[in-house]
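Build the full structure now, drawing on both the sequences and the hints.
Chains as they are written, first to last, in the numbering used here: chain W, 334 to 785; chain B, 804 to 1221; chain P, 22 to 240.
Treat the hints as calculated values from the structure; they're not laboratory data.
Taking CB as the label site, the calculated pair distances span:
1. K378/W - Y64/P: 14 to 24 Å
2. D55/P - N1022/B: 37 to 47 Å
3. F83/P - S434/W: 42 to 52 Å
4. M532/W - D926/B: 29 to 39 Å
5. S809/B - K378/W: 58 to 68 Å
6. L363/W - F190/P: 51 to 61 Å
7. Q90/P - K378/W: 37 to 47 Å
8. K378/W - I1181/B: 47 to 57 Å
9. Y64/P - S434/W: 31 to 41 Å
10. E694/W - I1181/B: 48 to 58 Å
11. A358/W - K166/P: 36 to 46 Å
12. T1002/B - Y64/P: 42 to 52 Å
13. K660/W - P1182/B: 51 to 61 Å
Computed from the model, here is a short list of chain W residues facing chain P with C-beta under 7 Å:
14. L396
15. G417
16. F461
17. A631
Glycine included, every Cβ here is placed at the ideal spot set by N, Cα and C.
Spelled out, the chains give:
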Amino acid sequence: MANEIETKDEPTIVKEKNTDKAVEAGLARLTPQRIKSTINQVLQKETGPRFKAYVETCMHCGLCAEACLYFLSNDRDPAYSPAGKVKQTIWEMLEKKGEVSTDFLRRAVHIAQTECNVCKRCSMYCPFGIDVAYLMLMVRRICHKLEITPLYIQDTVNSHSATMNQMWVKEDEWIDTLQWQEEDAREEFENLRIPLDKMGADVMYSVIAPEPKFQAGLLYQAATIMHAAGVNWTMPSSPGWDNSNMAMFTGDNEISGRIARAFYETAARLKVKRIVMGECGHAFRSTYDVGNRWIGWAMPPFEVVHALEFYHELLTSGRITIAEKFKKTVTLHDPCNVSRGRGLHDMAREVTNMMCESFIEMTPNREHNFCCGAGGGVINCGPPYKGERMINNKVKAEQLKATGAEVLIAPCHNCHSGLEDIVHHYDLNMEVKFLGDLIYETMEKKIYKPGD
Amino acid sequence: MEENKSFDWSTDLKEVSVREWEDRFVWVEEPYVSPDGETIASIVNIEEGVFTVCENGETWDKEYDKAWNLRPLPDGKFAACVSSDEEWTLSISGNEWENWFDFIWNLQVNKDGSSIGLAVQKDMEYGMAVNDKPWDKMYDNINEMVLSNTGISAAVVQVLPMAQADIEIFKQGIFSCAVNGKPIEKKFLNIWDISFDSTDKNVAYGVRLDRVNYSIAVNDAVWDKKFQSVWKPVFLSGENSVVAPVKEGGKWVLYKDGQPFWKNQYNQIWKIAISQKSGNIAAIASDKFGKWTIAENDMVWNMTADQMISEFVYSKDGSTLVAVLKDKGFWTLAVNQKKWNLAADKVFNPCVSSDGKIVSVVIEKQGQYFLAVNNIVIPNGYDFMATPVISPDNTKILQKAVKDGVYQRLILSMDKIL
Amino acid sequence: MNAFIDFIMGPMVWVAFLIFILGLIFKMVLIIKDINARESYVYSYLTWKHSLRSIFAWMTPFLPQSTKQSPVFYSISYIFHLLLFIVPIFLMSHIVLINEAFQVSWVALDDGLADILTVIVILALVFFAIRRHMVPEVKYLTSYKDYLLLIIVALPFITGFLAYHQFFFYKAMVIAHVISGEIMLILIPFSRFSHMIVAPLTRAYMGSEFGNVRHAKDW
Ligand code: HEM
Ligand code: HEM
Ligand code: SF4
Ligand code: SF4
Ligand code: SF4
Chain W
334 MANEIETKDE PTIVKEKNTD KAVEAGLARL TPQRIKSTIN QVLQKETGPR
384 FKAYVETCMH CGLCAEACLY FLSNDRDPAY SPAGKVKQTI WEMLEKKGEV
434 STDFLRRAVH IAQTECNVCK RCSMYCPFGI DVAYLMLMVR RICHKLEITP
484 LYIQDTVNSH SATMNQMWVK EDEWIDTLQW QEEDAREEFE NLRIPLDKMG
534 ADVMYSVIAP EPKFQAGLLY QAATIMHAAG VNWTMPSSPG WDNSNMAMFT
584 GDNEISGRIA RAFYETAARL KVKRIVMGEC GHAFRSTYDV GNRWIGWAMP
634 PFEVVHALEF YHELLTSGRI TIAEKFKKTV TLHDPCNVSR GRGLHDMARE
684 VTNMMCESFI EMTPNREHNF CCGAGGGVIN CGPPYKGERM INNKVKAEQL
734 KATGAEVLIA PCHNCHSGLE DIVHHYDLNM EVKFLGDLIY ETMEKKIYKP
784 GD
Chain B
804 MEENKSFDWS TDLKEVSVRE WEDRFVWVEE PYVSPDGETI ASIVNIEEGV
854 FTVCENGETW DKEYDKAWNL RPLPDGKFAA CVSSDEEWTL SISGNEWENW
904 FDFIWNLQVN KDGSSIGLAV QKDMEYGMAV NDKPWDKMYD NINEMVLSNT
954 GISAAVVQVL PMAQADIEIF KQGIFSCAVN GKPIEKKFLN IWDISFDSTD
1004 KNVAYGVRLD RVNYSIAVND AVWDKKFQSV WKPVFLSGEN SVVAPVKEGG
1054 KWVLYKDGQP FWKNQYNQIW KIAISQKSGN IAAIASDKFG KWTIAENDMV
1104 WNMTADQMIS EFVYSKDGST LVAVLKDKGF WTLAVNQKKW NLAADKVFNP
1154 CVSSDGKIVS VVIEKQGQYF LAVNNIVIPN GYDFMATPVI SPDNTKILQK
1204 AVKDGVYQRL ILSMDKIL
Chain P
22 MNAFIDFIMG PMVWVAFLIF ILGLIFKMVL IIKDINARES YVYSYLTWKH
72 SLRSIFAWMT PFLPQSTKQS PVFYSISYIF HLLLFIVPIF LMSHIVLINE
122 AFQVSWVALD DGLADILTVI VILALVFFAI RRHMVPEVKY LTSYKDYLLL
172 IIVALPFITG FLAYHQFFFY KAMVIAHVIS GEIMLILIPF SRFSHMIVAP
222 LTRAYMGSEF GNVRHAKDW
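Here is the structure:
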């Protein structure tokens, strides 16, 4: 009882709310007429019984609050609770029949794009299974149509639309980077190749654009793992190599679908059997669960295998063997998009235990993990919102600290970056690693031969 | 398929041993086979940082620091992107283009092989080059390169500079469609899917006009109507008319020259194929969420695939439409509404006889390649196979396959198969 | 006056029950029609197995993590919902009325016990109201409508209780009781009380998305 009926003063929002010039420029262009017609168009024409059920069934019981890292990190301020965010956005839009002010929209875009990771943890705490993430994405869709999406994430969507990758990576840069990593990796494995456009390979390996842009070393690592495991693999030289999808997080469903199409058409063109992707959570969600649906694929047309599942396969089948286990204490962050999003959490533990000597659980975990606070496009809204992002995930910092581990494994790009920020901000003195980093460090550098 | 006439259809078997290549070279990359099946070639590594191409056991005269993108040409030769001293060019059987670039990619060859096109980058400027002739004007960026049947090149080019994360300039439109390097005046937020008409005089492409409105442009004229989304426009055969799948009111419909064309609405109209001969229009479409089918002249096939229909082609006479599809986890073909009973892990590009009577395709099952002809899988498994060729008189099939280190060019008689 | 009493005790009872049942059926049909017309894709994901799995998991006390974290609230809510059905259905006075009309009857609760259960329901509703007022995240979501809903459920129980004990104005109390009972029944299909039928649907959908697509639990 004690922690349930706990009197607190009426919450006040003191934290500075940031905005950026794309949001402001967009708001300045809006007319009441456009606001109204856009909101009503989206809420009436683009939703259905699901939306209706979610807004009409919510009993305002507040049980979802306990689920949300924003609520928990902000001293249980109700404005950050899942239903609280719906109240400040959707409910008011409905009540005012779309006649809302630009000040309202400034707050709405801030909530939907930077105060919710669309991580769906709350759907596991709401007794009705109300999908608040879906409602927040609907708000984002409205903001997209009103052109008030935050600057940096919008730029990534622009890049997607023009280049089919997230970071304006030019077509030659992509190929050049692969060839350069291939060459470097030959220092370690003489005959190593990153086979480009190899028709009929078993596996198409795909990554997100930040890899060639900033973290080419990860391509190197992946290539060594593929090579050592003797996988018949390929990477596409054409657009369609980037499996990320920021449009899915701004409500630009049209571009999101186009990205998914380019991706799967590339796999079809190369006649591969399945697609393996690097350690990225949202890319998995995009290809496995979201982007495909807009096109009309109920389920993805190709088997898409997240890196962690693939590592599991390589390790359990003996294609990769561990030379010496990793000594430092490690803990594992479950990326929501592959744990709550795909149930790979037990595999993640098995992989970790196969490589590491001492694994410390962090709690809560598995489906019930807390999001890193970066996901769902939040980190992609960029520097203006970073300060808030740190405050907004205090619970993660506490959770990490409680493990006392030296190394934090984050098998997701977004989580990795987001957690690195948290580790620095809260001085946690942890090293953040991908599973791939650890495999690369601990594996035997020899080439698998069947029957060994 | 007239060009197939000159192929050697009388020698039953020709063999090239490729096994010893493995000993001769440090490594041998995946093989490619010439259309006539006479030559098998691979990029090979000779020593650290030294590459060349090996054709039927003979290496090219030249060696390069790097080589990739090996492709067979219609005349039986091979082309590859090669690099020496950090510069790149195209090499055709060891003969390089005169122009060298900082990077080249996207090698395209037209049907008769008279034109070879590339995307090129020099000094961080982008363009295309066809038959060793680069565009006069270069751009900040290039995407969506296409090469027409008569050798016209076109691509989406960035015509205005854009500072990092400048979404205001992007909103004004910084992309144009350039044909042979010359940009068409109009600028758009996005341009995708450039198509040529049969004369190569006109181009059509999908455009995004603003954040939410899409349309189709033909040369420099944009259709009046705006849509929620669009896919690749296609010219009808022998006409200036353009058809395109567009999304309107949440549903996909087929439009022609800016006006509704097909009556039915679909969950998805994915892409269009047109028979030059009969004028029939087919679309990979979805009528019911999660089920794919083909709509021919707005009539839905009595067949669905639950995962994907990736490709489809008309036979030359328009009588037969062949689709590559994936259903319940396996790949197969459908020919005129009828699914074959293949359950393959991979299905490669089908080969269809001019009269549509024979369809032949390479498939892969559990790591072995097989040839399938008219729904019959020939039981011999191979390590590798290239696309087969059907003889002009429909009596023979040219099979190109590798087994146990030996490349076999095999002429199969249709009688024996069927 | 008597005609009025006859009406609310007679035909109106019928009407209320008809509206309650037909209203729910009607609502269900509308939802399904709407799904078929606008969101038929949900059928690609719905499975009986995962739907039922989720519904049963959420009906099992203290299985879902959420129920473990708010045990007091959930206990009260479970009891409230159970009694909401049990008390009126197994109430002697109700059974007597039904028996008079249809000559059917079933086991009845002992009147004393029913009385206690009624008080429990009323207390549960008081608890909900206090919680609404005291817990910030709930208060934040609460408007007068939420209290109104609580009052609408509370009234039949309160008036029934008062009538049973015949504290005062017995006759008026019975009338008030019957009217409030009828109002509540009539409102169920047209208010958020319709969660009675929508809840299994949203749960089934979430359960299927999690179980079938995401291969994860949703509790
Ligand atoms: C719709 C027509 C209804 C009729 C005709 C009706 C009739 C009655 C009658 C005659 C009594 C007995 C009063 C006495 O003992 O003198 C009673 C008691 C009661 N009724 Fe109803 N009722 C109706 C609906 C409801 C509903 C919808 C509920 C609750 C959901 C309800 C809950 C109760 C309760 C809790 C008591 C008192 C039990 C006690 O304290 O022992 N009734 N009702
Ligand atoms: C069998 C059908 C029903 C199911 C499965 C169900 C389920 C739920 C659930 C899951 C909640 C949310 C929070 C909680 O656990 O209390 C809830 C709340 C509530 N339900 Fe129901 N319910 C049903 C029928 C009804 C009916 C028929 C009524 C009233 C006529 C009702 C009245 C309420 C009220 C008043 C609340 C809100 C409590 C608060 O204020 O926090 N329920 N119900
Ligand atoms: S989806 Fe995640 S971040 Fe968003 S409201 Fe729910 S729990 Fe919070
Ligand atoms: S838990 Fe569900 S019903 Fe309760 S307030 Fe949150 S969203 Fe609404
Ligand atoms: S970034 Fe990681 S933790 Fe965060 S939403 Fe994505 S998968 Fe979840």
